[in-house]
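*Asks:* According to the numbering used here, the stretch in the sequence shown is residues 1 to 127, in order.
Derived by calculation from the structure, the hints in this document are not laboratory data.
One should not assume that every hint holds.
[Unchecked claim] Cβ-Cβ distance ranges computed for the label pairs, FRET-style:
1. 28 / 124: 27 to 35 Å
2. 86 / 34: 16 to 24 Å
3. 17 / 114: 28 to 36 Å
4. 114 / 62: 29 to 37 Å
5. 65 / 112: 35 to 43 Å
6. 114 / 63: 32 to 40 Å
7. 63 / 108: 30 to 38 Å
Heads up, the beta-carbon is just placed ideally off N, CA and C, and yes, glycines get one too.
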Amino acid sequence: MKRAALLCLLLAGAARAEVVVCDVDYGGTTRRVVAAPTADPLQVRPVEFESWFLFRVVFRPAPVDLAGIKLYTYGRGPDGPQLIHQASHPYPPPAAADGSFTGVQAVYEPRLNAELQYRCALADDGK
Numbered sequence: 001m002k003r004a005a006l007l008c009l010l011l012a013g014a015a016r017a018e019v020v021v022c023d024v025d026y027g028g029t030t031r032r033v034v035a036a037p038t039a040d041p042l043q044v045r046p047v048e049f050e051s052w053f054l055f056r057v058v059f060r061p062a063p064v065d066l067a068g069i070k071l072y073t074y075g076r077g078p079d080g081p082q083l084i085h086q087a088s089h090p091y092p093p094p095a096a097a098d099g100s101f102t103g104v105q106a107v108y109e110p111r112l113n114a115e116l117q118y119r120c121a122l123a124d125d126g127k
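Sequences and hints are given; from them, build the entire structure.
*Replies:* Given below as structure tokens:
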């Protein structure tokens with residue numbers, strides 16, 4: 001009986017996974033960007049904010065030597081997207097006082113005088 005209960009607990013834990021949840025504010029509107037774990041960072045596409053910013057979250061929990069969370073912000077330029085901000089965080093990241101691992105971050109696009117703000121946290125995927 002104890003073995004069956006332990007197996008159920010282990011299986012229930014295995015079904016739950018973490019995701020990275022970022023609240024991104026641009027132009028007074030906040031959108032939630034949710035990033036599932038990935039083994040192939042090159043397949044992760046950015047999310048568009050208006051026609052000026054692209055925001056990309058790469059959450060790689062394994063293997064241990066490559067694990068981490070990377071956040072990229074691109075500005076649209078005349079020759080296509082240009083990286084204007086990159087942040088790298090370890091996995092698992094330490095939590096800030098507000099529960100996030102980033103705190104509130106602001107990214108400026110100087111040519112357009114535009115600002116994007118974000119805050120990211122780990123969350124249970126709810127499954």
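*Asks:* Among the hints numbered above, which are violated by the structure, and what are their numbers in rising order?
*Replies:* As far as the earlier hints go, not one is violated by this structure.
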